[in-house]
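S.K.: Construct all of the structure, not just a fragment, from the sequences and the given hints.
Residue numbers (numbering that gives the first Met the number 0), protein chains in the order written: chain A, 0 to 252; chain B, 0 to 426.
These are calculated hints, taken from the structure and not from any lab test.
What you were told as hints is all true, and nothing was included just to trick you.
Chain A regions said to be covered by chain B (calculated; three or more residues, Cβ under 8 Å):
| id | segment |
| --- | --- |
| 1 | 88–102 |
| 2 | 111–119 |
EDC-like mimics (lysine to aspartate or glutamate), calculated; alpha carbons at most 16 Å apart, straight line:
| id | chain 1 | residue 1 | chain 2 | residue 2 |
| --- | --- | --- | --- | --- |
| 3 | B | 114 | B | 175 |
| 4 | B | 251 | A | 90 |
| 5 | B | 85 | B | 110 |
| 6 | A | 146 | A | 96 |
| 7 | A | 140 | A | 96 |
| 8 | B | 423 | A | 19 |
Rough simulated footprint, nothing fancy, chain A against chain B, three-plus residues with beta-carbon under 8 Å:
| id | segment |
| --- | --- |
| 9 | 6–19 |
| 10 | 244–255 |
Note that the structure is a prediction, hence the values are computed from the model and not measured.
All C-beta atoms, glycine included, are put in the ideal place defined by N, C-alpha and C.
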Amino acid sequence: MELNNPLAVDISNLGFHYKDNDGVVFSGLNLQVQKGERFGLFGPNGAGKTTLLSLTTGLLSPAGGSIRLLGLDVNRDHHAVNKLLGFVPQDFSFYQELSPVENLEFFGAWAGLSKHQVKNKTDELLQVLGLENVRNKRVDKFSGGMKRRVNLAIGVIHDPAILILDEPTVGVDVQTRHAIVDYLLQLNKNGTTLIYTSHQLSEAEDLCNVAALIDDGKIVAHGSIEQLLEEHKQEDLEQLFLELTGKEFRNDV
Amino acid sequence: MMFKLWSAIVKDSRVLWRDGVGLALMFVMPIVLVIVITDIQNSTFNLINKNKLPVLICNRDTGASGMQLVEAINKVGMFSIRQLPKNQDEKALSDSMKKRDALLSIVIPADFTRKVMAKSKTTAGKALTSFGLQADSTQKDLGDVSPLKMFYNPVLQESLRLSVKGALQSALQLVESRQTLRTLYFDINEKPLPGKLEGEMLNSKAVINDTPVSSNGSLKPPNAAQHNVPSWTIFAMFFVIMSLGGSVVREKTSGSYIRLKTLPTSYLVGMFSKQIAYVVVTIVQAIVIFSLGIWLFPVIGLPGLNLPQDIFGLFVVTVLSGWCAVSYAICVGVFAETHQQNNAFGAISIVILSAIGGLMVPTFNMDTSLKTIANFSPMHWCLQSYYGLFLEDGKLSNVIGYLIPLILITIVFQLIAVWGLKRKNLI
Numbered sequence: 000m001e002l003n004n005p006l007a008v009d010i011s012n013l014g015f016h017y018k019d020n021d022g023v024v025f026s027g028l029n030l031q032v033q034k035g036e037r038f039g040l041f042g043p044n045g046a047g048k049t050t051l052l053s054l055t056t057g058l059l060s061p062a063g064g065s066i067r068l069l070g071l072d073v074n075r076d077h078h079a080v081n082k083l084l085g086f087v088p089q090d091f092s093f094y095q096e097l098s099p100v101e102n103l104e105f106f107g108a109w110a111g112l113s114k115h116q117v118k119n120k121t122d123e124l125l126q127v128l129g130l131e132n133v134r135n136k137r138v139d140k141f142s143g144g145m146k147r148r149v150n151l152a153i154g155v156i157h158d159p160a161i162l163i164l165d166e167p168t169v170g171v172d173v174q175t176r177h178a179i180v181d182y183l184l185q186l187n188k189n190g191t192t193l194i195y196t197s198h199q200l201s202e203a204e205d206l207c208n209v210a211a212l213i214d215d216g217k218i219v220a221h222g223s224i225e226q227l228l229e230e231h232k233q234e235d236l237e238q239l240f241l242e243l244t245g246k247e248f249r250n251d252v
Numbered sequence: 000m001m002f003k004l005w006s007a008i009v010k011d012s013r014v015l016w017r018d019g020v021g022l023a024l025m026f027v028m029p030i031v032l033v034i035v036i037t038d039i040q041n042s043t044f045n046l047i048n049k050n051k052l053p054v055l056i057c058n059r060d061t062g063a064s065g066m067q068l069v070e071a072i073n074k075v076g077m078f079s080i081r082q083l084p085k086n087q088d089e090k091a092l093s094d095s096m097k098k099r100d101a102l103l104s105i106v107i108p109a110d111f112t113r114k115v116m117a118k119s120k121t122t123a124g125k126a127l128t129s130f131g132l133q134a135d136s137t138q139k140d141l142g143d144v145s146p147l148k149m150f151y152n153p154v155l156q157e158s159l160r161l162s163v164k165g166a167l168q169s170a171l172q173l174v175e176s177r178q179t180l181r182t183l184y185f186d187i188n189e190k191p192l193p194g195k196l197e198g199e200m201l202n203s204k205a206v207i208n209d210t211p212v213s214s215n216g217s218l219k220p221p222n223a224a225q226h227n228v229p230s231w232t233i234f235a236m237f238f239v240i241m242s243l244g245g246s247v248v249r250e251k252t253s254g255s256y257i258r259l260k261t262l263p264t265s266y267l268v269g270m271f272s273k274q275i276a277y278v279v280v281t282i283v284q285a286i287v288i289f290s291l292g293i294w295l296f297p298v299i300g301l302p303g304l305n306l307p308q309d310i311f312g313l314f315v316v317t318v319l320s321g322w323c324a325v326s327y328a329i330c331v332g333v334f335a336e337t338h339q340q341n342n343a344f345g346a347i348s349i350v351i352l353s354a355i356g357g358l359m360v361p362t363f364n365m366d367t368s369l370k371t372i373a374n375f376s377p378m379h380w381c382l383q384s385y386y387g388l389f390l391e392d393g394k395l396s397n398v399i400g401y402l403i404p405l406i407l408i409t410i411v412f413q414l415i416a417v418w419g420l421k422r423k424n425l426i
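M.R.: Dropping the structure here:
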């Protein structure tokens, strides 16, 4: 079913609030991401980006509506969805005491790969992401940029159909940012749908072809980047962002 | 699934191996503890049974009874006696105790012989009257024998001090009885009591054979190592909470867990792998500590550990004790929000569980309510199982009754951990 479904993500009539009613609230939110898109989700702090990504990955459960990835319900078909999904969280989500190889061996096995597949993918990713010469070194000795690359490698080891990235380049140098963006574009060319969130809007223009702006739990704009800039008569995403979300400080407590 | 499980076990083992502090807490600290505590207990044993307790005696009495009392105290066999000058005052006595490293000093009062003689005549007179014979009516009752004074160093444990008092009481009783017997004999026969007869009448011929109760009838008495090695092995096993509980907390707080939750594998596999990895650690702990008891203790002058005959039973008890310790650690790790919470609660709760479980003070010394509470400490059942094997030389079948509550407590820990994971939306 998932191979024929043109929608990578189909969020329909989504309702959600945190237990203590503190934080963002979604009410009747709808959003679709086409298969093969490079989709960027942007918004100010506290707008609901990370919450929406957590709902999409199944880390949180919605109060109403549904979220489908390639036709599979995230909450009902959790196991099947996880086989199709890759997630690169904003935090370094791996074992810092282990080396890149040891991390990839473990996460690859848990992603459902065979021993042989794990080995091949590990070698390939370390090569592509420039970690070959530190493959057996402990990650806690790495720079922030190197850790970002390890974080990304783990998220893509099982060749996911949909890759969700939560600020994958935060705190890295220009070289590492370019390397990561280039690698993500390559993955997309090979058929991976990218769902990306970041505050780096210039980087987003290089990476994404479709964007949605979210504010206070509502989608305030959604379309191709060219279309959005034309509609709002803005030159870049940053100007568009400020026009739609205002210039006031946002405190995300 | 087996590849996933194996990968998780390898991952957990690698993380553990690189946790230097955790390893030190799990291995070095318990090893130091078991050696120190065994040495201390062994020293206490030797103090009483081999080295003898150093005692200073100031005999102010000039008569025969004072000397007889010193001789009787010497014959008790648990004291190393040094006599002080008769005129030594109490301040000088205290200084002498400090200078000569004596834990006890005894002062025999100046009128000791006079009072003993008088009391013996009074007692003999009463005895003659009760026999229907005429007693010496000129003897005045001078009252009870003046009390001995016993000064002791406050470091002397209560139980040891009471043992010493009991021994002194026996010596005192012997002196008084001898004098009463002599007086009575003289009053009846008008000649002194023959020494041989006195010896036969006063020296007890009854012998006490103390035999340890064992399941297989063996008569080998347990030593300090048999008591301490199992206790501190259990303590060491439960100390895996510092590393394992910390590992669970770290996984939750570092973000690794978020990634794991987006992978097509249940976190329960991870929990299972942790249990396997850490139960192996607890078995290694037991092997290391038992090996020290068997081979190192005799080299450093401590009594060697004798393994029970039922090695399979020992293995089963070790695995179940380790499993319980690991389950407790996971349970605490699931609920702790931070490392500090895990480490503080873990360490304090282990000390409390070990105290109420009888690792520090035997449960037979506890009052009824504490004995009831001890049943809720998993360490109590671990200890009972080990004691059944080590002290009574029992078999696995002899300790099944202790293992069943241990397994039940372990299952409760497991269920609480799973409930905690569900409640926190972690599985």
